[in-house]
Amino acid sequence: MAINKNSNAYIIIYTVVMVVIVGALLATLATSLKDKQDANVLNEQKVSIMKAFGEADASFDEVVTMGRLQAGQFAPVSEAAEVAEVFAMLGNRKELSEAQDNLPIFQMEKDGVTKYVLPIVGKGLWGDIWGYVALQQTEDNVMITGIVMDHAGETPGLGAEIATETVQKAFEGKKLYNAEGEFAVRMQKGGAQNEYQVDAITGGTKTCDGVNAMLATSIGKYASFLLAEEAEEECCCGECCEAEANVELNNVEEE
Amino acid sequence: MKLSKNFTNPLAANNPVIVQILGICSALAVTVKMEPALVMGLSVTFVCAFSNLIMSLLRNGVPSRIRIIVQLVVIATLVIVVDQFLRAYMYDVSKQLSVYVGLIITNCIVMGRVEAFALGNKPWDAFVDGVANGLGYAFILVLVAFFRELFGSGELFGIEILGDWYTPNALMLFPPMALIIIGCIIWVHRTINKDLQEK
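Those protein sequence lines, which keep their order, are chains A and B.
Start counting the first sequence at 18; every next residue gets the next number (the working numbering).
Start counting the second sequence at -1; every next residue gets the next number (the working numbering).
Just so you know, the hints here were simulated from the structure itself, not pulled from any lab data.
Take these hints with a grain of salt, some might be off.
Computed footprint of chain B on chain A; a stretch qualifies when at least three of its residues, placed anywhere within it, have a C-beta under 8 Å from a C-beta of chain B [as the list claims (entries may be wrong)]:
#, stretch
1, 24 to 33
2, 36 to 42
3, 69 to 81
All values reported here derive from a predicted model rather than from experimental measurement.
Yeah, the Cβ is synthetic: ideal placement off N, Cα and C, and Gly gets one too.
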């Protein structure tokens, strides 16, 4: 008896068998390639952070101290589980933008200068924008030393230019706070006027607004830490130094 | 004799992109640089070849009422396989291709060949037909990308070819330019193959 290939029973059995085979095949494939794919994502995060530091050739694992911001303090993270947690957070933009405490932060010291890299996340015109910004303390301010940005779907040639080196280079050396202590760094329509501003992208105003909002909110969460560092340095030139001097004097007297 | 014709026909005289005008969407999107264009072309070749092979093997058992669904399942599976492998082994390229790898599923060339050829031919013939159509698509993509990357960035495969004297023409990087280049290729192609010209 020949099978009727257009009978309902045949069609149902055919589809069930087909779906089971295909499902099993794809599940096996996805599981076996997952480690490799995760490693790629992790590596990309590390490369982006190193680019923000301006040390694209250096190895992340050798020179960077990972940490989290806990109660306004830099708390180093070194255990494998915690490290994985931080990177998982970097990979989850929603979680990162909602987090208020335990924020990821990366520290690197080179030639006596300490730089910090913070993750930044926000919304552009069409979708998410994100990146990393490298900051360094100056005498009375905080300076951007590097920035990398990427986007999900900004307009090519306009908003998408934020992912280019030309735009990102313009942020280098810009100060975060103005003389009144307000957060002032921004992409300015009509061209940069002062040391806080960067030229905005013509035709990409909405994306630039998104970048401004992203910088203000993402860096704003670290403000207590950044400003505390600044205050500490000021203190060192005042009371602390006197205290140190007194200790030295005492030592001399003891001798 | 027939087999070799099967292979050479889609490469030139019956090229899926410039004669049948299929797969134009991805041809516009992924041809800014040579590398993604090449990877995209090879991915389509892989999907096209194996979907043809698998459908040809199944052709006597597929219920004709659901054959389109079966074709889609086979094609979609192969596309996911390609996508997963690119993510694991060619992460950068996979990021540049973004959604266009997934969109191979909707590429008319793939389903067109399965429906028009694989269901009525033996597996080996169908496989060769798939490879040839895929390569025909890949060839046009790479050709378009060659002009766009060379004149748009002054580079090929990311290596600088034209020196500092050349100012990259950003217009080449925009999608409309891909359409214009494809138009020029069609023009040249029809000038050579006069029988393709509409009267």
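Counting residues of the stretch 36 to 42 of chain A whose CB is closer than 8 Å to a CB in chain B, do you get three or more?
The restraint on the stretch 36 to 42 of chain A holds, since 3 of its residues have a Cβ under 8 Å from chain B and three suffice.
Using a Cβ cutoff of 8 Å, are there at least 3 residues of the stretch 69 to 81 of chain A near chain B, or does the coverage claim fail?
violated (count 0)
Coverage claim, chain B over the stretch 24 to 33 of chain A, checked by counting residues with Cβ within 8 Å (three needed):
holds (count 4)
Hint 3 from the list above is the single one not met by this structure.
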